[in-house]
Amino acid sequence: MSGVDAQRRAGAEACGVPNVNRERGQRQVFCGLAGIVWLHRKIQDAFFLVVGSRTCAHLLQSAAGVMIFAEPRFATAILQERDLAGLADCHKELDRVVAEVLERRPDIKTLFLVGSCPSEVIKLDLSKAAERLSGVYGGRVRVVDYSASGLETTFTQGEDTCLNALVPQMPVIADGSRSLLVVGTLPDVVEDQFSRFFQELGIGPVHYLPPRQASELPPVGNGTSVLLAQPFLSETARMLQKRGATLLSAPFPLGIEGTLGWLQAAADAWGIPEERVKEVTAAAVARAERGLARQRELLAGKRISFLPDSQLEVPIARFLQRECGMELVEVATPFLDRQLMEAELGLLPSDLRLTEGQDVERQLDRVREDRPDITVCGLGLANPLEAEGLRTKWSIELVFSPIHGFDQAADLAELFARPLVRGALLQV
Amino acid sequence: MQLTLWSYEGPPHIGAMRLAASMKGLHLVLHAPQGDTYADLLFTMIERRPQRPPVSYTTFQARELGSDTAELVKTTIQQAYDRFKPSVVMVGESCTAELIQDQPGALAQGMGLPVPVLPLELPAYTRKENWGANETFYQLVRGLLRSRVPAPGSERELRAAGARPKANLLGPSSLGFRCRDDVVEVTRLLDGVGVDVNVVAPLGASPEDLLRIPEADFNVCLYPEIADQACNWLERMFGQPTVKTVPIGIGATRDFLSEVARITGIEIDATEQPIWSRMPWYSRSVDSTYLTGKRVFIFADATHAVAAARIAAEELGFTVVGLGTYAREFARDLRDAAKRYGVEPLITDDYLEVEARVAELQPELVLGTQMERHIAKRLGIPCAVISAPVHIQDFPSRYAPQMGYEGANVIFDTWVHPLMMGLEEHLITMFREDFEFHDAATPSHLGPGTRKSAPEQAESAAKGETGEPTDDAGTIWAPEAEQELKKIPFFVRGKARRNTERFAEERGIQTITVETLYDAKAHFGR
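Going down the list, the sequences are from chains A and B.
Per the numbering used here, residue 1490 is the first one in the first sequence, and the count goes up by one each step.
Per the numbering used here, residue 8 is the first one in the second sequence, and the count goes up by one each step.
Hints may be right or wrong, so weigh each one.
To be verified - The following label-pair restraints were derived from C-beta to C-beta distances: (1) A:Ile-1611 x B:Arg-149: 47 to 53 Å; (2) A:Glu-1512 x B:Glu-351: 53 to 59 Å; (3) B:Ala-113 x A:Ala-1577: 26 to 32 Å.
If you're looking for bench data, these hints aren't it; they were derived computationally from the structure.
Because the structure is a prediction, the values reported are computed rather than measured.
We treat Cβ as the ideally placed atom computed from N, Cα and C, and that holds for glycine.
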């Protein structure tokens, strides 16, 4: 441990926040391109064009290609030898490919040019291309670029860089007006639930980023209060602040406690008293508690380890420990933004083994030694660990399921209870 | 740049991974950025393997690009060796690493590891997955056996009298289409005629097993895409003949056995064949009569495409209207086959080109890969999968070979299933206004659901993509003719529309009437 780390450790202990162990080595994670798999469904009028290699195309179709698409909403412009050797003008090539995409899909309103490892290593300037193409298709198609390379981004960070690229395009909010901006992809049903709470509390207008149609970007400015629904949005949050928005500090809306705290943060900003929030949420909270009680019976006392994947690990671990009675063995996250996690870290036990980064082989050694009841890990590791007799919960499902809010608290817990129930059921 | 909605093959390092994952006691170190570990999922999820593939990645990130990525390569190799103690280490690069040129193979060779180190050249921007697997297998076989090549002119040892001949099965691999069961089926097949299997590789083999390859009398090249280079080399260096017929389909299986007989000197007709197939009878039974002349489009790797065309034409009585492959390396075999069936060969790895050809030909059945399922969905055409790339549902739990006699049984069921069954097809043609059974409904044996006007979609795609004049210039459809066209069963309607338009155009007919429609029908005989 370096001197700096030791110092930080001492400083952290003083205020009761768990220490962070930094680890480096082989990382078993997705790159940000994987974000396209859910973003293309959320933003229905957008098309994602990755500029990269055959590997990038292969990743996307391995992840999403099990669904059969009549009209795919993403594609890859695969770099050829000619592009690398400088024999072809990459920008001309890109213009040609974009024209082909837009001819096939005239309904597309927003085209994302998505940067990859190869495009970044050869320093292909996609932002210039996006600017130029926006001009060419002016009025019809907005062209936006962002990086989702493995060099720069880990899994859900691909959504961060995508939303971050949309922020400069957002219109300016009218002078003197205010609004709440909820940031981070939420399933439509959850979004609607939150909207109803905000409406009853008298908070509004409420906008969501990303919107369901990229052509309908919400406004932003000095009157905007930002509530992050997802923990992996560091850059987007900073960019929104740059545009004058105020970031509300809150836990993430996972579990009853998190959702209450999250709604309360907005209520505070609108000067709504705690009692009113309690009143408005009482029925939903009671319902969630009833639902959670069943799952708690299955989960209480069980030991759980998290391998790094999505940055959702910390808030979910907090939920499982405080509301489901689970014991946290190790919680690892690919990246820890202390500022965004402030409210969360305070709710975690101060002696928690919290890891940022990964050295997968060493981490697996620890899992094998700890033998937790459940290990949360990616699909590259899940079946191999199952074969070693360890129960696992594959982590990617957590970004593909409605898990936020009161009415999903029991569903979230159930995702972790299910492998245990299944393990007990199977007699073969 | 090439616009790719779906790609038929992964990059070549995936081929190298398939090789490593097929075998035991091998470890592959890949110089690759963070995120390229997605490839592990192909093995743990799509193929449902219970172990991680034997691959370590350097997983470099942007912050490491400024510093010493070469050092990172060396650390990763050393750690992988220390932990897994493989008997051979292979070292390669992914596409991004190829750009930064750390020469990981050369670095590894300079590290003094106590086991053979095989550096792989995998040009990611010009070559693809199967090439990567083929090259890796060849380099491995050559690397391990080079020192055992007999001196030129030395005689091959004769098989002891009475001993059964032995064959190597080369080519089956991890993530290959139905390789697991094909090996079982071919082993049974060979056993039935008195031939033993010596080594199966790469699937399930260790480097030590590869050393035993020369002990066999001949090699069976089951998947030329993976093993043809290695087989050619073994033939040249060790004098082992190669059986080149791939036993997919009844006819091909018979030819395969004759080739084995010729090479080994076994009297095949004298051998009682305990294995048989139901397929020939199923295909001859009257229930299959309606399959006659069904128009089928085939696109796959070359091996499976060529085999499928023969089965379709000779064993099921379909009409092959299109035949293609994404495997350029094997284009010649496919061209020959296309000539046999009188169709234009389609050699391309461009998904959009395949889609355009299917739309143009308007087949009644598409036999292809996972990618053709997207095309078939868009055009509303029944589809069955015959080749990689495939997804999880095509790594089934049940015994599901494509090769040999049981393979033929599996193929019969799989290909006929997506087609509408005979009685339903007749009734839909006769009565068009049924609320439950109608054009827009999926065949009722495939469960509920509608096609969402898929036939119309297919028609409009045919219109748009062929660029033939329809409404604007030249020919137009009279409303009654358009109505009459709708009475033609959906699966041949697209073809009928195109034929009629062609017929009208050739004769300078401006407006297509009901009469024109039937004139065209009489002219084209369908």
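Results for each hint:
| no. | hint | result |
| --- | --- | --- |
| 1 | A:Ile-1611 x B:Arg-149: 47 to 53 Å | violated (34 Å) |
| 2 | A:Glu-1512 x B:Glu-351: 53 to 59 Å | holds (57 Å) |
| 3 | B:Ala-113 x A:Ala-1577: 26 to 32 Å | holds (30 Å) |
Violated hint: 1 only; the structure is consistent with all others.
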